[in-house]
Structures are given as structure tokens and as C-alpha cells.
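The letter at position 81 of the sequence shown is residue 81 when you use the working numbering, and the numbering goes up by one with no holes.
The hints are simulated quantities; they were obtained by calculation from the structure and are not laboratory data.
Please note that the accuracy of each hint is not assured.
[What the hints assert, rightly or not] Once the Cα atoms are required to be at most 20 Å apart in a straight line, the calculated PhoX-like pairs of lysine-lysine come out as:
1) 67 x 42
2) 107 x 151
3) 107 x 42
4) 42 x 106
5) 67 x 84
6) 151 x 106
7) 84 x 26
8) 26 x 42
9) 67 x 26
[Stated by the list, open to error] Derived Cβ-Cβ restraints for the label pairs, each shown as a range:
10) 174 x 66: 45 to 53 Å
11) 99 x 17: 34 to 42 Å
12) 165 x 17: 44 to 52 Å
13) 20 x 174: 52 to 60 Å
Beta carbons: idealized from backbone N, C-alpha and C, even for Gly.
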Amino acid sequence: VLAPLPAYAGRDLLQAPASELHALVKLIMSIEAPVHMSVLTKRVMQAYDLGRSGVRISACVSEAVNKLLTTNGWTMRDEFIYTKEHTQAPLQLAIRDRSMLMATDKKLELVSPCEIQSAILKAVEMSFSLPQDSVPGTVVQWLGFGRVTAKMQAIVEQEFSVLLGAGVLAVDGAGNVRVSLEAIEVA
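Go ahead and model the full structure; you've got the sequences and the hints to work with.
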């Protein structure tokens with residue numbers, strides 16, 4: 001789901017009032033968060049009908065984000081910007097279908113680790129028990145990607161390992177994944 005952008009075509013992003021840029025970033029974040037910094041920059045550029053980001057445009061967007069990080073309680077981890085709500089319940093993120101995005105925008109590395117972890121957890125919960133080797137394909141499909149590449153598989157497996165290490169998931173002797181009993185008892 002993408003935020004509806006105001007049309008600032010023909011206006012100079014670098015000369016835009018800070019309040020205008022802050023409002024635009026907040027609008028994008030309210031619908032698209034958690035969002036990768038490069039995606040946020042691209043979305044801001046789309047509002048101004050700009051084709052490429054240079055150093056000055058990237059710095060301008062970064063400056064707006066840094067200001068909003070402190071005033072709105074947002075956080076940034078590994079180039080992903082999270083709202084306060086996302087940091088309070090990271091495994092309860094909505095799983096967004098990216099199947100309608102342009103191919104250039106469909107990269108699993110632009111999906112936040114928390115959203116990938118949420119997709120893994122929901123896939124396991126929905127199936128009650130999921131063969132471990134089915135996890136990457138299921139997650140990638142839910143996120144709107146057509147097929148699992150080796151890179152995508154590695155990303156999903158990394159986030160799966162995080163959940164396994166945190167005791168949220170468990171793997172039984174047959175290689176099936178389930179939500180761990182300890183995680184259920186804590187909830």
C-alpha cells in the first residue's frame with residue numbers, strides 16, 4: 001500500500017519549506033512504515049516529480065527524517081525507519097503485498113526485518129506447523145514476490161534464525177516449525 005502523494009511537480013525540493021517536507025515524510029510514514037530510507041527518498045522525489053537523487057536531495061530528506069525521529073518517537077535501524085507503534089509491537093506488523101509494485105521496487109532487502117519476521121510468524125501460526133523448508137517460499141509469496149531466489153531465501157532464513165534464537169519458534173524432530181510453547185505462555 002502506497003501513500004497518495006501530493007503533486008509538487010515543478011517545485012524545488014531543495015527550496016521547499018521544512019514544514020512541507022516534514023508533512024510529506026509523515027504522510028508516507030503513516031501508511032508505508034516501516035520503510036527503508038532509500039524507498040522514502042524515492043517516494044519524496046516522486047511527489048516532486050524528480051527522476052534521480054543526488055547527494056543534496058538525499059541529505060535534505062535525511063535531515064527531515066532526523067528531525068522527525070526525535071519529535072515523533074520514530075527509530076531507525078539498518079536504514080529502516082519505524083514508527084513508535086512498530087517498535088512497540090514488532091511482530092504484529094501488517095504483511096503488505098508488493099505484487100503490484102514495479103520490478104525495480106520489488107526487492108526483499110527493502111522489506112524491514114520486522115515485517116519479514118511477522119510474515120514468518122503468521123505463516124507458522126496459520127498452518128499450526130509448517131515444514132521448515134517451506135518457510136521461505138510461503139513468506140516470499142505472502143509479501144508479493146513471485147519466486148524465491150537464493151538471496152531471498154537467505155534473507156528469510158536469517159530472520160527465521162532470529163525468531164528461533166529468541167525462542168519464538170521451535171523446530172520439531174521432523175523439521176516442522178511451530179510457535180514455541182514458551183512464546184504462547186508469555187503471550
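Evaluated hints:
1. 67 x 42: holds, 19 Å
2. 107 x 151: Holds, because 10 Å separates the two Cα atoms, which is no more than 20 Å.
3. 107 x 42: holds, 14 Å
4. 42 x 106: The hint holds at about 13 Å.
5. 67 x 84: holds, 15 Å
6. 151 x 106: Roughly 13 Å between the alpha carbons, so the hint for residue 151 and residue 106 holds.
7. 84 x 26: Satisfied, since the Cα-Cα distance of roughly 13 Å is no more than 20 Å.
8. 26 x 42: Holds, at about 14 Å.
9. 67 x 26: holds, 11 Å
10. 174 x 66: 45 to 53 Å: holds, 49 Å
11. 99 x 17: 34 to 42 Å: For residue 17 against residue 99, whose Cβ atoms are near 36 Å apart, the range 34 to 42 Å holds.
12. 165 x 17: 44 to 52 Å: holds, 46 Å
13. 20 x 174: 52 to 60 Å: holds, 57 Å
Every hint from the earlier list agrees with this structure, and none is contradicted.
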